[in-house]
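With the hints as a guide, bring both chains together as one complex.
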Amino acid sequence: MSEDNPYFGRAARFIGMLKHTQVLGMKIFAATAQSLTIELPYNKSHVGNPSTGVIHGGVLTTLMDTACGTMVVNALPDIELCPTLDLRVDYIRAAEPNKSIFALAEAYRVSQNVVFARCTVHQGNVNKPVANCVATFMRIGSHLSPPEFKQAILGEAQ
Amino acid sequence: MASFEEILQQANACGDYRPVVDAIPYAKLIGLDFERFGEDVIFKLPNNPDNIGNPILPAVHGGVVGGFMELAAAIHLVMFMDTPTMPKIVDFSLDYLRAAKGGRDTFAECQVVRQGSRVANVTINAWQTRRENSVATARVHFLLAP
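Keeping their order, the protein sequence lines are chains A and B.
Mapping of the first sequence onto my numbering: position 51 corresponds to residue 31, and the numbering continues sequentially without gaps.
Mapping of the second sequence onto my numbering: position 71 corresponds to residue 399, and the numbering continues sequentially without gaps.
Calculated from the structure, these hints are not laboratory results.
Misleading hints may appear alongside valid ones.
Stated by the list, open to error - List time: in silico DSBU-like cross-link candidates among lysine-lysine, alpha-carbon distance up to 30 Å:
no.	chain 1	residue 1	chain 2	residue 2
1	B	K429	B	K372
2	A	K79	B	K429
3	A	K79	B	K416
4	A	K24	A	K(-1)
5	B	K416	A	K108
6	B	K429	B	K356
7	B	K416	A	K24
8	A	K7	A	K24
9	A	K24	A	K130
10	A	K108	B	K372
11	A	K7	A	K130
12	B	K416	A	K7
13	B	K429	A	K24
14	B	K372	B	K356
15	B	K429	A	K108
16	A	K24	A	K108
17	A	K(-1)	B	K372
18	B	K429	A	K(-1)
19	A	K7	A	K79
Pulled out of the complex, with its shape left as it was, chain B reads as follows (with noise of 0.2 Å):
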């Protein structure tokens, strides 16, 4: 079986980027799934009960509104870095804004704002029926060098 490094590099050489989510024990456990359309990823994250939290609601559990994201914001990177490692997270900050309803698929779309040699900032919307009506708003750093 190939090691972790291994498929990011065959990922980074051919541009498929399926087997890295798949690789993630994580993304399986969350459901995270995600689609390109040329240089712009839309990040899914499926309706599913086990990632639901308050059940009166019922609402996806905040946290993983926040790991969906802080993943997306991960595999974005390593999406569009020339050295295919997988970034480490320094710093997480999330904005909720209305609740993510149970029974409904979330998204998330991913800009990195800076890219320097050591740290990437990443800001990442996530949103459930429309990208305007945003469920939550989130900015990462990552570290960049192993």
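Pulled out of the complex, with its shape left as it was, chain A reads as follows (with noise of 0.2 Å):
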């Protein structure tokens, strides 16, 4: 799937330079032009309450942050550096221990200036969701954005 899908390259080259994702052990599962999905295995080493080992909204965050990042690279025309203007997260249950957890992401307007896009976290019924986001991402255009970036995003075969 990764060598003739350029969202799905784009996609896992962005992220794998991201070296707290790569931490946390994110990986891209599907993109096309439209949406994309991140996978999140289970780890001890997320987990925000002891007693119940449900892992962290803090980890949420973070994988809903990096789900509508990675959509909005794939929405744009242009490789662009495209910082977080705000985040809104509805936690709607907790998530299950000892199970992955997988980010479906969408950029549902892009307008001149901004990306809006939107993020459903479930653990494989996206009908049973974990958490919902909607965030905002500023666009600094293409030309302001560094060329080692879009390199980096490009890869090889550009």
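Here you go:
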């Protein structure tokens, strides 16, 4: 899948650059022009409440910020660095321990200056979400994005 | 080994919350620390290469800044609650104001805006060099009843 799908390749190279996403263990599960899914396997070091083994909300925040941000990379015509403006998260139910979590993200509006994204975290059934979020990203413009950043995301193919 | 509930009760009885933070794996993962000054608490996220997001800036991953603020708010609430339980997060609203630069420590301070019997509203300010130059501000709702 990764060889013939440019969205998957871009997304994988983007999250591969972000040290903390690698520390947590995130990997691209699926990527198209319209949506993106990141998988995060369960890990005891992510736990926020030791009596329940439930992962901390901060891990979900990082996962959703990353999923939305990676989707933004795939939604734009040229590679642009887009800092997060804000993030608004609802924690709907606790994630079940010992199971992977999946973040499904979409960029539902790309305007001249801002990209609007949303994301749902689930554990296999998207109709039983663990968390929902909406996020906005500021476009700084392709010409202002560092060339080494663009190169790293485009990879050798370009 | 004491259960997490016992650790919370013990902390509530003696006022030392270090063992609570030590018992939370995610706190250890990002390196959360804190210091109390009487009734005031300042939380600290020490510089840590593992917390970097964009390596080109470089900047602390926005999600880690958010996670640090969420966790700081929960611990802050635990410190000032009468009944020691880990509050459950309901929702979280986070505004990023400037990049949290890599190579620097990040700090956070919390304010309990309203604590009812079931829900608490907590705001958090995070900064690196000066309190006034926030890197992010956030608001969290917690459910207090188990």
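So, against the hints stated earlier in the document, which numbers end up violated here? 2, 9, 10, 15
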